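Trainee: First to last, the protein sequences are chains C and H.
Just so we're aligned, residue 1 is where the first sequence starts under my numbering, counting upward by one.
Just so we're aligned, residue 252 is where the second sequence starts under my numbering, counting upward by one.
Where hints are given, some of them may not hold.
As the list claims (entries may be wrong) - In silico DSBU-like links for lysine-lysine, alpha-carbon gap of 35 Å or less: (1) LYS212/C / LYS9/C; (2) LYS447/H / LYS128/C; (3) LYS447/H / LYS76/C; (4) LYS143/C / LYS432/H; (5) LYS76/C / LYS432/H; (6) LYS76/C / LYS363/H; (7) LYS363/H / LYS10/C; (8) LYS195/C / LYS447/H; (9) LYS363/H / LYS19/C; (10) LYS108/C / LYS447/H; (11) LYS363/H / LYS168/C; (12) LYS9/C / LYS363/H; (13) LYS19/C / LYS76/C.
To be verified - Reference excerpt, derived from the structure (chain C facing chain H, CB under 10 Å, subset only): (14) ALA75; (15) ALA120; (16) ILE161.
If you're looking for bench data, these hints aren't it; they were derived computationally from the structure.
The structure displayed is predicted, hence computed values, not measured ones.
A virtual CB, placed ideally from N, CA and C, is assigned to each residue, including glycine.
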Amino acid sequence: MNQPVLDLKKLNKAYGALKVTKNVSLTVASGEIHAVIGPNGAGKTTLIGQISGALRSDSGRVFFAGRDVTGLSVAKRAQRGLGRSFQITAILPDFSVLENVALGVQAKAGHSFRFLRPAAKDPRLNAKALECLDAVGLRARSKVRAGDLSHGEKRVLELAIALAGNPKLLLLDEPMAGAGPEETARLVSVLAALKDRIPILLVEHDMDAVFKLADRISVLVYGEVIASGGAEEIRQNPAVREAYLGTEDNA
Amino acid sequence: MPTTDFLKNRAVPVVLFVALALIPVYAQVFDDRFVMLFATRILILAIAALSLGFILGLGAMVSFGHAAYLGLGAYAVGILAYHDIWEAWISFPAAILVCAVFAAVTGAISLKTRGVYFIMITLAFGQMAYYTATSLSAYGGDDGLTMWGRSEFFGTSVFSNDTSFYWLVFGTLLAAFLFLKMVAASRFGRVLKGAKQNEARLQAIGIDPFAYRLTAFVIAGVIAGLAGALMANQAEFVAPAYMSWHRSGELIVMVVLGGMGYLHGAIIGAVAYLVLEEVLSGYTQHWRLIFGPLLILVVLYARGGILGAIKGRAP
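Make the full structure from the sequences, and use the hints.
Mentor: As structure tokens, this is what we get:
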């Protein structure tokens with residue numbers, strides 16, 4: 001079990017002369033939450049794109065679940081168990097909450113070239129979907145149109161959709177962004193309960209949440225990992241304090 | 252509440268199809284041959300509109316070249332008839348095959364694009380088909396091709412008798428409607444509807460929508476091709492005009508007019524469009540002057556089209 005679930009090796013990405021990701025190497029082991037923090041413009045979103053497959057890296061490799069996935073598309077990486085949430089909530093607003101998650105189950109249940117039976121009444125999809133909604137405490141809202149959920153509920157729904165695919169890793173892009181204090185507390189407890197089962201790479205602005213949840217923290221500044229370690233270690237690190245924690249970003 | 256459920260999902264299409272089924276009875280009782288011929292034409296175009304409504308409503312694929320399939324289906328029947336092959340069990344599968352291939356090839360290219368670009372590229376492929384037809388001098392070119400008869404079905408005259416032909420068209424429309432309704436509710440349909448709402452989300456759960464969109468595009472092309480094959484039989488004539496971009500535009504208008512949220516919206520739209528055209532053109536040859544503003548009013552004030560107005564809200 002010592003092999004990390006996610007292993008980034010010297011990733012680079014530049015837009016013209018602007019180097020957005022510089023030699024980033026980091027790992028996520030099973031059972032842990034590895035948080036990536038950094039001020040605005042540090043290249044967090046770009047890094048997420050490189051991990052998820054939305055952006056092509058200039059050099060370096062991404063190993064996921066023991067396989068080199070550097071050349072694979074977003075969908076292929078997802079099929080291999082990379083679940084994710086987006087910085088800007090990405091749900092299917094016209095579907096019910098249940099249908100959003102059921103589609104996640106469906107995506108994992110082989111191809112969808114099935115034309116005959118109505119998907120909405122498929123117990124194989126719905127049972128598993130309800131399980132995932134249970135896991136995040138959203139079951140009571142399963143029949144609501146997803147677009148009508150509160151912002152915090154949408155964030156939780158995204159998590160349930162990701163869980164539906166039996167992910168080997170969750171890649172969460174600022175899951176607390178825009179959530180109120182109560183919703184944040186709920187997300188924190190949901191994530192803490194999940195991490196034993198599913199390792200998480202957490203990109204997050206909310207420092208309280210990060211220090212509460214993360215086993216390891218890597219600090220990204222101008223595309224470079226300037227420090228990596230446990231919460232206390234990061235708090236004490238002078239370079240980090242200067243680049244990040246000492247500024248107004250410490251909200 | 253099962254009654255409201257019924258009203259919402261079943262009542263309108265049931266009433267619609269019952270009404271259409273009564274047309275031959277009406278024609279018989281009042282000895283009104285014109286009504287049935289006109290209704291046959293409406294239903295044929297309704298099949299094409301329905302197929303477009305399927306990809307437009309479920310997948311947001313605004314194909315501006317959908318009339319090409321009407322033409323391809325019609326030419327398949329017409330050209331085979333020209334070579335003295337009248338059997339429908341040869342010509343109809345031929346129409347299906349031609350349309351499937353054309354849809355697969357043009358769809359694979361068009362579906363790499365989105366939005367306005369998709370509209371433009373499907374229009375371009377539609378026009379390619381149109382100009383190809385005009386240059387087929389062996390089969391009448393610009394002037395089109397007269398068929399001197401209708402398809403046969405194992406020697407029977409299903410196609411030649413007006414009433415039985417109506418039932419054939421009606422049956423095709425009903426079958427296509429039920430088939431597409433089933434597909435829309437299936438896992439496949441769910442992927443299409445999901446991809447329309449948020450493609451990045453679909454990618455993130457491991458579904459690349461391209462192959463699903465392409466399959467839907469081919470299904471729509473084939474059904475429109477069947478409509479074309481029927482149209483050739485009704486008119487006993489095939490012409491490039493079947494695939495002109497005007498016709499493609501009309502099909503889009505029918506779908507929007509009827510309401511995009513439901514499959515039967517396209518059928519209602521086809522009926523409304525063609526009946527309005529018939530009625531208004533009876534008053535004045537400048538009927539488009541009235542029809543145009545009417546359409547604008549529908550788009551502005553009945554967002555869900557006629558169906559949206561019936562149900563009191565946009566779907």
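Trainee: I'd like to know which numbered hints this structure contradicts. Please list them from smallest to largest.
Mentor: Result: no hint breaks.
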